[in-house]
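*Asks:* Sequence:
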Amino acid sequence: MIISRTPFRISFAGGGTDLPSFYRGESGAVVSTAIDKYMYLTVNKYFDDSIILKYSRTEEVPAVSKIQHPLIREAMRSVGIPRGIEITSMADVVGGTGLGSSSSFTVGLLHALYAYRGRYVTAAALAREACRIEIDRVREPIGKQDQYIAAYGGFQYIEFLPDEGVKVTPIICPPERLRRLNGRLMLFYTGKTRKAGRILGRLKSQMKGKRDDLREIKGLADAARRELQQGSIDDFGRILHEGWRVKRGLSRGVSSAEIDGAYARARKAGALGGKVLGAGGGGFLMLYAPKAAQAPVRRAMRDWREIPFKFESEGSKIIHVG
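In our numbering, the protein residues as written are 189 to 510.
Hints are supplied without guarantee of correctness; some may be wrong.
[Said to hold, decoys possible] Each computed DSSO-like pair below joins lysine-lysine, with the alpha-carbon atoms no more than 27 Å apart:
1. K254 with K233
2. K456 with K498
3. K242 with K505
4. K355 with K398
5. K498 with K479
6. K254 with K242
7. K355 with K505
8. K505 with K233
9. K456 with K380
10. K456 with K479
11. K498 with K355
12. K498 with K380
13. K242 with K380
Just so you know, these hints were derived from the structure itself, not from any lab.
Here the structure is a predicted model, which means the values were calculated and not measured.
Please take these sequences and the hints and turn them into a complete structure.
*Replies:* Structural data, given as structure tokens:
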């Protein structure tokens with residue numbers, strides 16, 4: 189049995205500039221980190237030639253071509269496993285909440301399948317192949333950042349180049365600084381899930397008229413990296429606010445009256461900034477609040493569940509072989 193563990197992620201700035209419709213004209217960039225919420229994939233030999241899949245549904249099929257789950261079907265084709273296998277997925281957090289769960293699933297599945305075949309694969313190769321499967325094969329209208337942060341882990345500045353190249357640069361800053369930042373970030377579950385592809389599909393169709401906004405968002409990713417390395421941690425929170433202001437105008441469905449109301453209450457209680465994670469529309473609202481403001485912010489957000497988290501330095505890894 190092989191078990192892979194792959195982190196979910198939080199994206200701070202630059203989201204949308206990882207879409208091909210933007211970076212093929214000019215490079216995009218994001219600041220993102222892995223967190224200690226995970227996707228687990230188990231792969232085990234099945235006693236006959238059937239394929240058994242257990243995720244939110246259960247499938248038992250005789251051949252890869254009969255698999256209904258598109259990511260599993262294309263991953264098995266890519267790795268070259270035709271039959272006789274059982275795959276199970278489990279996650280710490282429900283999907284559709286803006287933590288990049290779909291890409292963590294794809295990266296973790298590829299990692300486990302390659303380990304099952306006895307092959308070592310680099311983080312870069314895992315991320316590239318996950319992008320190929322999700323974007324080129326399954327035709328999801330998504331970007332590239334989630335696959336790379338799931339594979340690499342850590343706190344990263346990721347650039348997306350017009351030639352399809354991706355450059356991953358660790359953001360180097362003292363551990364104490366990262367601990368302070370982690371301690372000022374709060375994560376609240378809106379109680380709603382959504383399909384990122386629908387929101388990103390609308391953004392893709394409106395890209396021509398939103399390019400200036402996305403350039404501003406890319407500039408905020410550069411500013412966020414600078415503040416993390418040598419600036420004010422509180423200014424990092426203000427950058428989150430500015431990024432959310434721009435992002436709300438990108439596409440219908442990014443926010444809602446309920447989310448806007450909750451964010452306004454949190455700001456009034458002392459939060460300096462925040463954003464809805466992922467494509468928007470639901471999932472998790474992340475807030476930046478100095479320590480003195482956190483109790484008032486929690487009272488303002490009492491209708492939503494708070495989820496504690498820590499930054500994760502490691503990307504996808506194989507945690508069991510046996």
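*Asks:* Against this structure, judge whether each hint is valid.
*Replies:* Comparing the hints with the structure gives:
With a CA separation close to 18 Å, the supplied pair K254 and K233 stays within the 27 Å bound. For the given pair, K456 sits about 26 Å from K498 by alpha-carbon distance, which is consistent with the 27 Å threshold. Between K242 and K505, the direct Cα distance comes to roughly 21 Å. Compliance with the 27 Å bound is thereby established for this hinted pair. Distance hint between K355 and K398 is fulfilled; the C-alpha atoms sit about 24 Å from each other, no more than 27 Å.
A C-alpha spacing of about 16 Å is found between K498 and K479, which places the hinted pair at or below 27 Å, so the restraint holds. Proximity of K254 to K242 is assessed by CA-CA distance (about 15 Å); at most 27 Å being required, the pair is judged to hold. Between the alpha carbons of K355 and K505 the distance comes to roughly 21 Å, so the proposed pair stays at or under 27 Å and holds. The straight-line distance between the Cα atoms of K505 and K233 is roughly 20 Å, inside the 27 Å bound, and the hint therefore holds.
The straight-line distance between the Cα atoms of K456 and K380 is roughly 23 Å, inside the 27 Å bound, and the hint therefore holds. Only pairs whose Cα atoms come within 27 Å are accepted, and K456 paired with K479 is accepted, the gap being roughly 15 Å. A threshold of 27 Å between alpha carbons decides the hint, and for K498 with K355 the separation of about 25 Å falls inside it, so the pair holds. Simply put, K498 and K380 have alpha-carbon atoms about 23 Å apart, close enough for the 27 Å limit, and the pair holds.
At most 27 Å may separate the alpha-carbon atoms for a hinted pair to count; K242 and K380 meet this at roughly 24 Å.
Checked against the numbered hints above, the structure violates none of them.
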